[in-house]
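Colleague: Sequence:
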Amino acid sequence: MTPTPRPPQQAAPEEAAASAGVASVAVASVGGAAREAVAEVGVLWRAARSVMPGGHLDAAGCNVPSDRTLAAVVAQLRGERERGGYAAAPDLAEPRAALAALVGAAPADVAFTESGTAAMAALLGGWHLPAGSRVGHARTEYGGTVMLLRRLAARNGWRLVELPVDGDGRLDPDAVRSRLAKGLDLVVVSHVGSHSGVVQPAQELGALCRAAGVPLVLDVCQSLGHVDTGGVGAAAYVGTSRKWLAGPRGVGFVIAAATAVPMDAAVPTLGGHRWDGGQVTPRPGAARYETSEGPMAARAGFGAAVMEHHALGPHAVHAHLAALGRVARDLLHGAGGWRVTEPRDEPSALVTLLPPPEDTVDRAAARAAEASLLVSAIPAERAPLHLSQPLLRVSPPPGTGQEPLRALARILAAG
1 MTPTPRPPQQ
11 AAPEEAAASA
21 GVASVAVASV
31 GGAAREAVAE
41 VGVLWRAARS
51 VMPGGHLDAA
61 GCNVPSDRTL
71 AAVVAQLRGE
81 RERGGYAAAP
91 DLAEPRAALA
101 ALVGAAPADV
111 AFTESGTAAM
121 AALLGGWHLP
131 AGSRVGHART
141 EYGGTVMLLR
151 RLAARNGWRL
161 VELPVDGDGR
171 LDPDAVRSRL
181 AKGLDLVVVS
191 HVGSHSGVVQ
201 PAQELGALCR
211 AAGVPLVLDV
221 CQSLGHVDTG
231 GVGAAAYVGT
241 SRKWLAGPRG
251 VGFVIAAATA
261 VPMDAAVPTL
271 GGHRWDGGQV
281 TPRPGAARYE
291 TSEGPMAARA
301 GFGAAVMEHH
311 ALGPHAVHAH
321 LAALGRVARD
331 LLHGAGGWRV
341 TEPRDEPSAL
351 VTLLPPPEDT
361 VDRAAARAAE
371 ASLLVSAIPA
381 ERAPLHLSQP
391 LLRVSPPPGT
401 GQEPLRALAR
411 ILAAG
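What the sequence shown shows, in our numbering, is residues 1 to 415, in sequence order.
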């Protein structure tokens, strides 16, 4: 199936006025200093970038690093050239702590990988579940994770259990509670999908899984730096640098606490494991998932990006992006017959659209590119159990004004 398009809705006059410019995209329900902080996010985010493509509407694909992030990457590479790669190893203690704080974890719970996909493979590939174990996931799950789960299920004898979603693709907590009561051994959820801006009720799902004693793995590739990821209490998280946190490509992460859950890396390494009298034993915390060899300059840049996110104020960033999403949905829905799939007030800035019969996603993305507007064409394979046709994805970064979105609406209408 494909998400049901939303009916046209008009923004209230005060909301339309609040979104008139970059600095004024804010949340009407907050006031005083809080509202000013939300509005200021876009100005500060843009000011931190001396180069910013004017038509960049693809934060969910690969965001624009700041000058500070770029400088951290270059400084690390310069140090490696001048002092030697291992001698110039960056101190990532503070970034680990900052990243862990976004989900309520400890610094020792953080391991850096090469991507979110590599993080999920390292985590699930080494998860000790006996044959017959039941692993729950929704039909909205990311295609790469679906393929991984099916491979592991075939190899290990796991049983995959579908968790019900509603018409918007949102997990139903009551239905999840029922599935947990019937017996699950692991639950895997993408907090925000790659193909949909719908935000899953992660905090409620986390509470349900903890009450049932079932570990939850939360994919935060599209949610960290975008929506609130605190208070979930998941057994593990996987994510990436390049999206809403605007770090460099080539960095992902696992956040996993040292618990009684039988977690280990898919492949042991000398840096993450010990050789104990012939036995291979993982080191404490998430170190078991991290290799000592990796793109250290990119990790240093990611650390700078995480620190900048904290300096902006995560809650203000979340509110700013939620407001941007509402503005984008209001401006794009109905243009040329294109239909937004998410509810208008979904608290995310990831917006997907279905084409009218006379247009296609690829043609629209090409027309946008000709106008220097960067958007994504999302193939059905991105969520193969949920999508039956491609979608156009629009994901404005902080500080995006109305004009790029209006320009995109004109391009859609002219199709």
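Be aware that one or more of the hints could be misleading.
Using C-beta positions, here's what the derived DEER-type ranges look like [claimed, not checked]:
#1 Gly183 - Glu82: 56 to 62 Å
#2 Ala89 - Gly278: 27 to 33 Å
#3 Arg83 - Glu403: 44 to 50 Å
#4 Gly104 - Thr269: 23 to 29 Å
#5 Ala131 - Ala207: 26 to 32 Å
#6 Gly104 - Gly337: 39 to 45 Å
Hints were generated in silico from the structure; no laboratory data involved. Keep in mind the model is a prediction, meaning the values are calculated, not measured. Beta carbons: idealized from backbone N, C-alpha and C, even for Gly.
Colleague: All hints, please: hold or fail.
Modeller: Do the hints match the structure? See the list:
1. Gly183 - Glu82: 56 to 62 Å: Holds - the Cβ-Cβ distance for glycine 183 and glutamate 82, about 58 Å, lies within 56 to 62 Å.
2. Ala89 - Gly278: 27 to 33 Å: 30 Å, holds
3. Arg83 - Glu403: 44 to 50 Å: About 46 Å separates the Cβ atoms of arginine 83 and glutamate 403, which means 44 to 50 Å holds.
4. Gly104 - Thr269: 23 to 29 Å: At roughly 27 Å between Cβ atoms, threonine 269 and glycine 104 fall inside 23 to 29 Å, so the hint holds.
5. Ala131 - Ala207: 26 to 32 Å: 29 Å, holds
6. Gly104 - Gly337: 39 to 45 Å: Given about 44 Å between the Cβ atoms, the range holds.
This entry satisfies every hint, going by the numbered hints stated previously.
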